[in-house]
Structures are given as structure tokens and as C-alpha cells.
Amino acid sequence: MLAMVASATLVGVQGQAISVEVHVSTGLPSFSIVGLPDASCRESRDRVRAAILSSGLRWPQKRITVNLAPTGVRKSGAGLDLPVAVALLVADEQLPAQSVEDLAFVGELGLDGSLRAVPGTLALVHAVGARAIVLPPAAAREAALVPGLALRSAATLGELELCLRGRRQWCLPPPPPADGGPGPMPDLAEVRGQPLGRLAVEVAAAGGHHLLMVGPPGSGKTMLAERLPGVMPPLDPAAALEVTRIHSAAGLPLPPGALIRCPPFRAPHHSASPVSLIGGGGPQMRPGELSCAHHGVLFLDELGEFPTAVLDTLRQPLEEGQVLVCRARASVLFPARVVLVAAMNPCPCGAERGPGSCRCRPSALARYAARVSGPLLDRFDLRILVQRPDVSDLLAGPGGPGEPTAVVAARVTRARALAEQRGVAVNAAIAAAQLDAVAPLEAAATRLLETRLRQGQLSGRGLHRVRRVARTVADLSGWSGSVGLDHVRTALVLRAPLFGADGASWESDEHGYGL
Amino acid sequence: MSGPRPRAIDRVVTADDQGAYAAALAGLPGMGPATLRSILSQFSPRQAWAEVCRGRIVRPAAKGEDRPARPARPGDSLHADPGSAGSAFAGAGFAGAGGGGAGVGGAGVAGLGGGGLGAAQVGNEVSGWEGRAGGRGPGAERSRPPRPWVQISRQVDPCEWWAPHARRGCRVTWWQGPDFPGRLVDDPSPPGVLFWRGSIEFLDRTCVAVVGTRNATPEGRASAYRLGQDLAAAGICVVSGLALGIDGAAHAGALAALAQGAPATTVGVAASGPDIVYPRRHASLWADVTRHGAVISENPPGRPAQAWRFPTRNRLIAGLVSLVVIVESRLRGGSLHTAEAALERGVEVRVVPGSVHSPASEGTNQLLYDGAGPVRDARDVLDALGMFQSVPPSCPPRGPGKEGRRVSGGAGPTASGSAGGAVPAIPADDLQCRRVLEAVGTTPVTTEQILIRTGLDAAAAARCLDRLVEAGRLDQRQGWWMRPPR
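Residue numbers (the working numbering), protein chains in the order written: chain A, 15 to 529; chain B, 19 to 504.
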């Protein structure tokens, strides 16, 4: 006999509806799964058999064929265990066919018959085309984020069988947890004596600008970066759902309420592979760190230690806000709108106190600077030098803690509201053609930028980036009129010519001797 | 000309041929300056080559580059026996030997048909040649014992080998040969053979070396540039090592003086062959130094730069000049070799003082402490040389008029930001700008340090920084703010 049950599988961060068909017929006892299952999917035979037997149900000594339709899509993961088991029970007439009508099933089976949650529940629930869905209890809270879908859950396969026969009540989905808001985050008030670093973090948060911090070890680069998500406004409901879906698909732990409300902060180690950053790998196409940091911060510490090939894969996604990962079998579009924050040392020895002041050989310096390609360097709207504050400067400077995160975040929220009034999400995303309309320049500011362009201290692309940052600086000061001279000057100060960026290096002297 | 006493065999040999023989001798693997000198003190180059061909002068047994060769004795020919020195063709090559440099060296031998090829071509020829020699890979080169000189010399015709180099502008002389720089004749360790491209007669003028670290600060480069420019304008030949940093800036300065119509020259002393540009980034500088001065070296054409040759090169710089100025040097810098060699030769060493906080000036400040005289600018150098009359007008005058020292014309390589157009002055009542300028001080600082020291907000500081850059009072290099060097 034949049975069909609805389910879903995960491709990238999207779910794909799957129809699980099981055919049980007379013949030599066998069990085969067709329809492009991957290894984890094919292993479900053993799990399903053990689960059915441990639940006190009967394993039919017949010829069993499982088909996963559509057959052209590669299926992966153990989430199809439950639908296979249920369809098998229906096909073997241990369950009435009407009991599974209009129900979808997603879940992994344990050998004892228990139901376990699988990664990507949110995306899977989105994808199934059924009135109600049956899930492991552990996934119920996450699935509850999708409105308009009836949830059923049961702890074990045996329990599920009873529920389907109507002999037992479904487990109640857990009540939605009290919204405690984002958990404790590191506060900006703990950063002392770094006015420029604080400003850069504020501008990056307000305008979504990428930030490069260059400074010796222990100068507080990581400390500043970790405080950036707290300054950024909390995610709006749509973004929160999207981020949660990505994190769920990547198998990352979710907060107690399942919904991720504060901007994510991802800091991959510099041994990361291109696939781990961008996404892909295997039939499942796991989202990379770049997508996990969607709507949040991707922090690359020790930028110079990342392989150049890995860094250069980031260039196009940073521009587009998404990345299309193509493999022979599938192309998956991953969202990737991040604020990239990178930190690196000024030179291999890390002790630079100004040009020519460290003990590194010139060739070593040149090699180190060349690790970050020009195009990538160009994508950092904000480039600052960070120094360990001198003791004397700290003592002489204004004492006490700096502004706390809450104060800065309020300014950032105000600035973002101004940007949204103009119809752009964040200023970093203003299209070049839109700049004149959205960020018109005062005459003096235009003159200053023209001078910098003429002197070769600014590239064409750099010009647009400075204008966007200047817009953000103006927004932060509450000014939504034309961008003024002071805003442009501040933007220029926040874009230091590091590592020969913008053609302002020592190496390009006018004599052409390459001194 | 104080050449060697003419002997019978020399009568049919021209001076050019002698040069070719001298060059060929210098190109033998394992031939060091001391060995060469010792040979040339006994024989003319032609005769010495003949002795090598006869196997009466052989390569010093160990790796001792500086061991003098024994004069030939009857039993010596045994040492030249190929059997005793390893397999027949398994030698490091000719001219490029002395440590892994067989690439170019082989050219001399393989180049019997085509000496004077580009380095890449040469490499190909060599590999072909070594393939024939027994199919050893390049990795085997180091362990391979060098071929005996006698074998090389029998395959090489020095005149034929040298001719293409000569055609490409390479010149050669030897100790006691014609054109050998007078100062080097009495040097405690003169080069046996000297190669050059360009015009070596500039070395007859008063020569001053301006040397220093490769990883120089902008101030150091500016000092070297101004020294080079002003000394060259005063008619002094600026000698340096063509390296990155201070050396390059000194050469560039001297060339800039030339562009302003001064009779200036500059001589670069290379650690590689005079036709092998090292470092590559200085290719155009080498070309200009060759055109307007000379690049000299005691290494034959085609020999690459090797680490151990740099101290040797430094002693050559010290031997060529009347005064050594060290602009910046680290505590273990190569410039200190130059200083040591200069002191051995009784050549005065002066240094440009630097900040006690700057690692780039640790070595020079140590020399200052040890008693070397300070040099602020070219005027001090000319005073030290007793050339009070020839101070060029571009050299700033000494005296109380501090503002007068800011010379506008012929600014150094750092003052590009303020060049051209009217320079807006900073109004005296702009207190914020003054505060920013005070915060910068004399060492480079970051924007953040300026913000901390002045207490200004970013917009105000940005305004001041912008104005100060416009006025030429500040410079930004690699994100660091500093006062432009005078």
C-alpha cells in the first residue's frame, strides 16, 4: 500500500517542501530510499526501524520503498526520519490514512523512539504546505514564531501514534516566554580614553559603515568591536525573524525566546576557510559566518592573518549585501548585509609608534600591508589608527567613564530614523546616483573634496564613501540638511590613509624612484 | 698610470684586455677581495690568468674568502687535479659563485657563445649546462664542490666573455690599474677589481657618504634628501649604497640638485654586480644614478646581491669618501659597519641627531654619545670639510631668525601636500589650531592622541587638522600626523 506525508528539507537558509512517499508491498523484505538522499538521510532506515520497534509498533517484513519527491532536490539531514516513520506506519496500515491528512512532519528519531529537533526548524516550518505541523517539543518554541500555523508536538513516536489515533491529547506548545529583551551586553562606558574609536563605533552603527581598526596588540580594538552590536538599534521584527532563521539553519544556539532581537556579533578565527565564511559545503549548503552576521557585525580580528584568497571572497558580498553560492547541484542565495569590523596590527612586530619607528624590515612591512588587497581596503568607509592610550594622556584627559551605550544608541537610533525618512535603510547603502539627492554638499565641502581629489588623496570610489560617512556624521548631529564642511572633514579624519590606501603612501613619491 | 711593471707577455696585450682578464679573475668562484688583491699584487691580470690556466694559482682550499692565495709552487698543480676537487663539471659556476649564485656564474662558462645575456636567459643556459653535467637538480647546487679554477679558465676566453658586458657600458679596472680611484689605492683592504657603469671620475672630487637605515622615518628621509641635494649643489659627490630608505633619499636629493642646474653627481656603491638592480624598487633610481654619476661595485656583472656582501660594500663606501654622514641607524644597523670602516680608515664620521624616542635613531645617537660630531644640514658637513665658501644658497642660514629657516623653494619629498598655490596662514588667534599643533609635538601622533591631548571634539579637531595641512604645518603619513620636516 502507498502513503504520502508532507515534510520539508533545508537548502541553505530556505526550506523546501518535500513529499515523503512510502510503498509497502509483498516481496522479499527490503528497505530502500530513493530521491537523492544524502548519507545522513539514507541512515534514517536504521533509526526508523529501531524507533518503530522500540515504540512497540510493528516493522513490516515486506518490500519497502521510500521516495522523497521532488526527486531532483538533494535531501539532507535527519529531519525526514519522522515523516518516513509515519508514512511507513500508514502504508503498513498501522495508522489510518485520514489521521495524517493535512499534517506535515519534521523531526529526527532516536533509537528509543524519541523525537529530536533538527537545525533550520524555522525555515522548514515556513516551507511546508500543510495546515498543521508535527514537531519535536524542543522545536516548538522556534516554530511558534511563524504565525498562522497549527503546531502539534509529541515527545515520542509511540505517543505520536496515540495522538494520531485520537487516543491521547497532543502536547501543548510551551507558552511564549516573557520578552526579556536583549541580554546583558558589554557597555561602551567601559572604553576609556579612546574618543576616536568611540566615534568610529558610533558612526559605524548609525550608518552601517565598515570599520577597519589598526593598532598594536592591547589597544582595545576587540573591546570596541564587541560593543558595536549594543550601540546598533535592536532588530525589527522582519529582520529578527530572518536572522533567527539563518542562525537556526546554521545550527547555532538560539536565545530562550527563540527570536534573536539584538544584532548578531560573529568573530571567526583567522584560520577560517572561504566556505566557512561565505557559506556552502555539502548538499545542505550551510550559511557561512557572513550570513550568520546578517543585520549585525562580522568582526575579523587579525585581518592580516586571514589568507588573502579568503578575504577577497568577501568583496562582492559586502557590496551587494547578499551572496549567491553556486554549486553544480544547487545555487543558494544567502543574505549577507553586515557591518564588517576588522582589526589588524600596523606591522608584523605590532609595536609601531609612527612611520619608520619599529624594527620590521621594509620588505616585511610591504608584505604585511599587501595582505589586505586594495579593493578590500577601499571598502572600509572608516579606517582609524588605535593606540594604547599613554598614561600621561589618560591622566590629563577628561576623567571618569565615557558615555554609556544607552546614550550613544539613542543618537544612533535618531540618525537611523533620519536615514529611513529619506528612504534608505542605512547611509552606507546609498546608491552613488542617489548621493546628490540624499546627501547634497555645501559649497565649501565640495571645494574641500575637490582639493583632496586633485591631490590624489582620494579616489573616485573613496569620494562616494566619504560623502556617505559625512551624511551619517551629519545625521548623528541631528542635522538633515546639506552636508557641511565640518561633516566632510570629520569623515575624512575617520578615513585615515592606512597601508597606502587612497594613493597617499610614502611609496608613491613624486620622484618616481620608489624611495 | 701606475700599472704593473710590463713583462714580456704583456707587450701584446692592451689595457682593455687587461681589464677583461681582471674581470674574469674576479668572476672565479670563491674569489674574494683579499685573494684577488694578493694575486694582483704579484701579477698583472693577464699573467695571473695565465697562472690560473696553468693550475699554479688555485682556489683557496676552505671557504675562506679572505685567505690570501699562496703564490704558485711546483707542487700546487696537484691541488688543481679535478679528481681531488670533486666531479668534473659539478662546480658552482663562474662569476656567480661564492654561495648559491651559480645561476649567473654559469653564464660565463656557458656563455662562451653568448656572455652578457639577461639574468633570466643566463639562468636557462646554466640549467642546460648543468643538465649536461650530470642531471643534478638545482637543489644539489649548494652541496656541490666548486669546479677547480683551472677547469673554468681553460674553457673561458676572458676577452670574449667580457666584450658584451663592455658593450653594455660596464667598465672595469683593477688595483693599480688605470682609473682606479686614488683613495682606494692606499686603502687597508682595497678591492682587487672594480666594476662600474657611468663616469667614475666623479670620485676624484670631494666625496661624502650619506648613509642610513632602510626603514627610515619621514624626517630621516627628508634629512637625507636635503643633505644629498645641498651637498651636490655645493659640488660634492654624494656617495651612498642605493638601498631603500636613507640611501635612496640621498641619491634622489643629489639628482634633484642636478635637475636645478648644479654640477652635481652621485655615486652608488652596489653589493651586487653593477648591472643587477637591487632592490628592484630602485630600478629608475639606478638608471638615473648611472646616467648622471656612476654605480660601482667590486662584483662582476651578473652577480646577485648576497647578505654577506653588504658589509663589504659598506667598507668600500667608507674607503671612497672624505666624510661619512649617517642619517638614521638602528642599534645593529649596517650603517654602523660603515662607521666602523670609516674609523679604521681615519675618515670622519658625523651623524644627524634624532629623537631619543625613535628606534630609527638608536644607532646614530649611540655614535653621537661615543663622540661622533652632529650634523644638522649640509652647512655642517661643508664646515667639517673646511669648504666654508661653497655653501649653496638653498642651505638655510644659521642665526636667530627662526622663521627664515623655512625654505620654500626645493622642498623635500615630504612637502608635497602644501606645494603649489598660496598657502593660507593660520591666524594667531586660532587657539584650537595652536592646541592641535602643540599636541602633535615632534613625534608622529594619531588622530586619537590629538583628540585626547586637546580635548576637542572630532569635528573641531578635523577642522584644525585640515587647516594646518592646508597651511603646510602638518602632514599625514599612513594615518600618523606629524610636522613636515624642515
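Read the hints as simulated data drawn from the structure, not as lab findings. Glycine included, each C-beta is placed from N, C-alpha and C at the ideal position. Please note that the accuracy of each hint is not assured.
So the derived list for chain A, only partly shown, Cβ under 10 Å to chain B, looks like this [unchecked claim]:
| id | residue |
| --- | --- |
| 1 | Met15 |
| 2 | Leu16 |
| 3 | Met18 |
| 4 | Ser54 |
| 5 | Arg56 |
| 6 | Gly207 |
| 7 | Gly211 |
| 8 | Thr460 |
| 9 | Leu462 |
| 10 | Leu467 |
| 11 | Pro511 |
Now the in silico label distances, taken between C-beta atoms and shown as ranges [to be verified]:
| id | chain 1 | residue 1 | chain 2 | residue 2 | range |
| --- | --- | --- | --- | --- | --- |
| 12 | A | Val289 | B | Ala277 | 34 to 42 Å |
| 13 | A | Cys363 | B | Asp447 | 41 to 49 Å |
| 14 | B | Ser59 | A | Arg375 | 34 to 42 Å |
| 15 | A | Ser285 | B | Asp175 | 55 to 63 Å |
| 16 | A | Ala378 | B | Val374 | 19 to 27 Å |
| 17 | B | Pro392 | A | Val289 | 21 to 29 Å |
Hints, verified against the model:
no., hint, verdict
1, Met15, "violated, 72 Å"
2, Leu16, "violated, 69 Å"
3, Met18, "violated, 65 Å"
4, Ser54, "violated, 47 Å"
5, Arg56, "violated, 49 Å"
6, Gly207, "holds, 6 Å"
7, Gly211, "holds, 7 Å"
8, Thr460, "violated, 14 Å"
9, Leu462, "holds, 7 Å"
10, Leu467, "violated, 14 Å"
11, Pro511, "holds, 6 Å"
12, A/Val289 x B/Ala277: 34 to 42 Å, "violated, 55 Å"
13, A/Cys363 x B/Asp447: 41 to 49 Å, "holds, 44 Å"
14, B/Ser59 x A/Arg375: 34 to 42 Å, "holds, 39 Å"
15, A/Ser285 x B/Asp175: 55 to 63 Å, "holds, 58 Å"
16, A/Ala378 x B/Val374: 19 to 27 Å, "holds, 25 Å"
17, B/Pro392 x A/Val289: 21 to 29 Å, "violated, 60 Å"
When each numbered hint is compared with the structure, violations occur for hints 1, 2, 3, 4, 5, 8, 10, 12, 17.
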